[in-house]
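Residue strings, one per chain:
2 protein chains.
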Amino acid sequence: MSQNKTIMEVNKDLLMERAKCNFNIIEVTHIIDGGEENTKHRKKVESIALDGGASIDKIPEEYMSPNERYENAVRKSVLYAQIVKNNIADLNGLETFGGHSPVIRRTADAFFKEISPFLLHLGMFVPTLLGQCTPEQQAYWLPRALDMQIIGTYAQTELGHGTFIRGLETTATYDEKTEEFVLHSPTLTSYKWWAGGLGRTVNYCIVVAQLYTKGECHGTHPFIVQIRDEDTHMPLPGIKVGDIGPKMGFNTGDNGFLGFDHYRIPRDHMMMKNAQVLKDGTYVKEARHGKLTYGTMVFVRVILVNEVAFNLAKACTIATRYSAVRRQSKPKPEEPEPQILDYVTQQHKLFICIATAHALQIASNWLWSTFSSVVADMKRGNVDSLPELHALSSCLKAISTSESASLIEQCRQACGGHGYMMCSGLPFLYTFVTATRTYEGDYTILLLQTARFLVKAYEQAEAGNPVTPTVSYLTEAVSGKRKPWVGSPEGIIRAFQEVAAGNVATCVKSIRRRMKTGLSFEDAWEQTTIQLVAAAEAHCLAVISDTYRKEIARLTVKSSTNVKIVMEQLVSLYVHYWALQKTGDLLRYTSISQEDIINLQIKYEELLVLIRPNAVGLVDAFDLRDEVLHSALGSYDGQVYERLMSDALKNPMNKEPVSPAFHKYVKPMMKGKL
Amino acid sequence: MSQNKTIMEVNKDLLMERAKCNFNIIEVTHIIDGGEENTKHRKKVESIALDGGASIDKIPEEYMSPNERYENAVRKSVLYAQIVKNNIADLNGLETFGGHSPVIRRTADAFFKEISPFLLHLGMFVPTLLGQCTPEQQAYWLPRALDMQIIGTYAQTELGHGTFIRGLETTATYDEKTEEFVLHSPTLTSYKWWAGGLGRTVNYCIVVAQLYTKGECHGTHPFIVQIRDEDTHMPLPGIKVGDIGPKMGFNTGDNGFLGFDHYRIPRDHMMMKNAQVLKDGTYVKEARHGKLTYGTMVFVRVILVNEVAFNLAKACTIATRYSAVRRQSKPKPEEPEPQILDYVTQQHKLFICIATAHALQIASNWLWSTFSSVVADMKRGNVDSLPELHALSSCLKAISTSESASLIEQCRQACGGHGYMMCSGLPFLYTFVTATRTYEGDYTILLLQTARFLVKAYEQAEAGNPVTPTVSYLTEAVSGKRKPWVGSPEGIIRAFQEVAAGNVATCVKSIRRRMKTGLSFEDAWEQTTIQLVAAAEAHCLAVISDTYRKEIARLTVKSSTNVKIVMEQLVSLYVHYWALQKTGDLLRYTSISQEDIINLQIKYEELLVLIRPNAVGLVDAFDLRDEVLHSALGSYDGQVYERLMSDALKNPMNKEPVSPAFHKYVKPMMKGKL
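Those sequence lines, one after another, are chains A and B. In terms of the numbering used here, the first sequence opens at residue 1 and continues consecutively. In terms of the numbering used here, the second sequence opens at residue 1 and continues consecutively.
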């Protein structure tokens, strides 16, 4: 396996682990990348972007002041944008340039531990231009944006308003006399807040505002707004813009605030693909407006699921390699301290992370192909599959971001004290991924959207009507008959479906019970939301496990025997792990017995033993270059302690033997001279 | 209720909430503080330390460079040490000065969002002097340390060695010719690593090293070691010392590394209370050495449980007040956006945090009094209760730190995007508390220590022998008879005990099954560790719930009716919440029915409704001054948006309208001149 050059030789324990691995690693890498061609392409892109060493900071950015960090991030953003434009873009083609190029996004992670201040330019500004502009508007804006002549972001959320878009307060009032829109922030809570790059970097911005024409409000619409002079970068008159300040993560990105004081923009800066304001102020709306905006939303969710799976893969690579190198305790006095990877509790913490990284990667690919076929249907005028796609993308986004964050944190904790060091890379991964649980749709709210779909589908099934594929298990469930317990992965997944159905049925009963006491449906719904969230979680577990198992079977049809075996072991581990987490649900809603639970536990522990010798091979198969991992604990060579010390010695504070603070504060105190 | 002065008037929603509260808040404050006198004392100390405003940074420290943050923390440490010495120490008496003064520790939180570089001086150096020095040594060292003429820390963990103390590599070899110990770091992995304050602040250090005399190793012992010149602060010859670099939290504390090159210290710098090296190199050890070191360890754990409960109280104060102010969505078109505190899912996230803060605070006090009585027993030569105390303190430390961290994170996530801002205070609380899960005994390792005690106790009970109080439930359990289900808090707690007993029994069976296949006890134990951790968790839940319920009953005997009611509601909420989390265990190990589970859910949802009107009152009762909260979202006045914006405007970056990075990097790119 080609890895980047390392100065140090490989740690002996890692060499031993790699010798033990019994499957062909590169085959698994191809499966993860989605085929041998993709792997080759990825490696080529990585080689162009990273081999020169341009991605490596001389001083780790954590040693810089916030301002230095920002400037360093801008420096690297420009550098990286040039590399993409001059050396990589041709390899990918234009259509991937606008955001959905996992290879490019992943390679960028070598340049940015957190994010580039340009992230939302390519991630949101360009895609929104593609999705919301008329062809004429696109012809004007897109070349300038793609050539980085202008840099933009997307400003929707306000200081007082997030999820509930109808509650946004910023107004865009059409003035037919001048044929302009007047943008205005009527209150403090109406200030735009959060947009990445807005604080100091961008000069353009897509602003979502309440559109008023002829005294009438038409709801929220997007507008292209110039906020800074293209030449001097000074904020334009009527614009109040700045950085919102430090966050838990994302600190190389300048998230910003933005307020308008009766700020005017030309009429044709409204993004007019789906709705138009004519010169005289007449408002015209396309009929299918609502449905079409699903597109960008689902697209962003697919990317997020993909991204959190990738970050989880980083975390398990770091924690697994470290656990092979770290030795601790002496359960047997005559033997040396064992590798901590040999402890069953450590395997319990780590192997589920490897399996989940696979499961979510596969779920993301599957969601993408489902999305593509729904889009194709929509172009033929068929929008029947949209509600299911919406329910699916909602719960997959919620569960994958939440699970990844918890499991990354589990990896960090599994590395003990050293996992708490920033140079382990793990704290960055956690603070980065935990944010995805909140933005682009909060966990609870998204699951309640899925739950609404599930309750409707349940009622359909109850009425004897057909339901869509991902909830077909409800049809069997309404009969109320339980199937006998089968302990195979397939049987366990069927049980997860019974659990999901049982949870949905419980919710429906609760809602009906409450409505009988005189509550409206909405009030009864609200009071049932704790259980509704649980039902959506159960549904999502059933969907992910089922997809994971089926897709692995499909993807390994031509694999060598040992690859097949280890991939199946991970699928089996995944479903056993979750079955043991959900014994309450299984006992309530399936025919599982006490004895079956004991057998699940035994089988789970056997799987840990089987996977153990291949653990390092499995994380090597993610094929993550050291530059992408940013980790003293996780590098390919496993020289953990050397790297921890060499990182500490880069600390500028260690260059001066005595801190000025000693003479200024401490010494006077010690000498009693305060 | 006296609160610090605020410039702004109180938010209307908070005023409304406070008007709704139906119980006498100050009574609950007294319960939390441990009596009215304690509340008065706390307020007096807070007033002395905080009223002058010395604790408030002019620029939030997150805007500073790492070095500026350190210097600012030293500045405030010296300031605070002076306040304590000159104005507060007399109020507390000397014995509380050495660490266990919750009031002082909590007031210090106003000065330090994270930690003071002096923390380990008072928290570990001084207590170890008290615990490990002979009277003569104490007479020499203690006055200098208490007067801050020297500043010390405690260096035990090494780069390659943490939990397993016997594995430490640093050596202290006695040279009888010069009557000195020679300290040496033979390898990279033997470097001391992590000690707080070691990087740049301290000039003395307690070093734990392997003691060698006359060619023989006597295991690890503590030594007092000067590492820097008292006058110039330069590291002494033979000492290699520095800062280990940035961590996930604790970044105002200079955790350090330390290596020795044949560094010599006088013989009497070995801490000789429990073991001595005579002039000729003869090694003498006190008989009760092992047992006595429990003391400091349990003491530190009590403090930690107390501290995480306090930090959890901060997080729920912030999240609950914010949830009363924040409004979102419009489930009913005709009504305004509701306070998010009105959503059942939000109550589900927050109220368990309030109850847990109470439960852990009470568990900490109870552990402290148990500890005191065990110490009294020990002085009378009775060490029978030590194993139980050790098992208790282990699982309480593990569970309280882990639960608090998860619930603080739950509070943060419940505040949406704004919870991700550093100025919410919540990220600091999480990164601070999550560290406590690892240091002073990692979660998994501590629970396995408790499990060892549980398995032994189970075998005792099986043999018909008496067992100690906290595991007396095992005696009933070995009969195998299940009690009928009772849905009262008391009944649920008894069910938790049955669950704990059932889990321990399952472990014992697993171990025996494995031993029958020929495994040794230790190998069978290792293979059962996943279930053993679960058993210890179940035991700890039973202990905490039981203690919480009984202590609240005792502490509210004289309370007014509504205080009694709301405190009982929280106890009930706590046990219902956990019962619903543990349905699998309840179905496996108790006689609960499907119907009972449904009733638990209904009762739990009723409790949320009952607690809702008192939610803000309950967090007000924690009586946390704004200076201690450090939160734009959680201040007493609830002026959330004004504070978010005013914090953003403090950002020095917002003072310059155009970043130099624009001219240096961005403009050349935009103009195609790269």
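Just so you know, the hints here were simulated from the structure itself, not pulled from any lab data. As the structure is a computational prediction, the values presented were derived from the model and not from experiment. Any given hint could turn out to be false.
No copy is singled out in the list; a pair is fine if it fits within one copy or between any two copies.
To be verified - Calculated cross-link-like contacts (lysine to aspartate or glutamate; reagent style EDC-like; alpha-carbon spacing at most 20 Å):
| id | residue 1 | residue 2 |
| --- | --- | --- |
| 1 | Lys667 | Asp377 |
| 2 | Lys650 | Glu68 |
| 3 | Lys667 | Glu36 |
| 4 | Lys603 | Asp147 |
| 5 | Lys655 | Glu68 |
| 6 | Lys671 | Asp147 |
| 7 | Lys667 | Glu114 |
| 8 | Lys279 | Glu216 |
| 9 | Lys58 | Glu642 |
| 10 | Lys509 | Glu462 |
| 11 | Lys177 | Glu37 |
| 12 | Lys279 | Glu136 |
| 13 | Lys650 | Asp175 |
| 14 | Lys379 | Glu169 |
| 15 | Lys20 | Glu9 |
| 16 | Lys214 | Glu459 |
| 17 | Lys456 | Asp384 |
| 18 | Lys85 | Asp342 |
| 19 | Lys330 | Glu169 |
| 20 | Lys177 | Glu216 |
| 21 | Lys456 | Glu476 |
| 22 | Lys240 | Glu656 |
| 23 | Lys330 | Asp442 |
20 Å Cα threshold - placement of Glu656 relative to Lys240:
Only across copies: Lys240 and Glu656 sit 13 Å apart there, 42 Å inside one copy, limit 20 Å.
From the Cα coordinates, with 20 Å as the cut-off, is the pair Lys330 and Asp442 best called within, between, both, or neither?
between (45 Å within a copy, 16 Å between copies)
Using 20 Å as the alpha carbon limit, work out where Lys214 and Glu459 are close: within a copy, between copies, both or neither.
Answer is neither; intra-copy 44 Å and inter-copy 83 Å both fail.
At most 20 Å between CA atoms: does that hold for Lys650 and Asp175 within a copy, between copies, both, or neither?
Result: close neither inside a copy nor across copies, 59 Å intra and 36 Å inter.
Could you figure out if Lys379 and Glu169 sit no more than 20 Å apart (CA to CA) within one copy, between two copies, both or neither?
Neither: 34 Å inside a chain and 69 Å across chains, both beyond 20 Å.
Between the shortest in-copy and the shortest cross-copy C-alpha distance, which are at most 20 Å for Lys177 and Glu216: within, between, both, or neither?
Classified as within; 17 Å inside a copy, 97 Å across copies.
Have a look at Lys456 and Glu476 and pick one of within, between, both or neither, based on CA distance no larger than 20 Å.
within (16 Å within a copy, 48 Å between copies)
Is the C-alpha distance from Lys330 to Glu169 at most 20 Å within one copy, between copies, in both cases, or in neither?
Intra 63 Å, inter 15 Å, cutoff 20 Å: inter-copy only.
How do Lys671 and Asp147 come out at 20 Å by Cα distance, when the copy is not named: within, between, both, or neither?
between (63 Å within a copy, 10 Å between copies)
If the cutoff is 20 Å on CA atoms, where do Lys667 and Glu36 land: within, between, both or neither? Let me know, please.
neither (64 Å within a copy, 40 Å between copies)
Indicate which option fits the pair Lys650, Glu68 if close means a Cα-Cα distance not exceeding 20 Å: within, between, both or neither.
Answer is both; intra-copy 16 Å and inter-copy 17 Å each pass.
Is it within a copy, between copies, both, or neither that the alpha carbon of Lys279 lies no farther than 20 Å from that of Glu136?
Intra 16 Å, inter 93 Å, cutoff 20 Å: intra-copy only.
In this structure, the earlier hints numbered 1, 3, 4, 7, 11, 13, 14, 16, 18 are contradicted, and the remaining ones agree with it.
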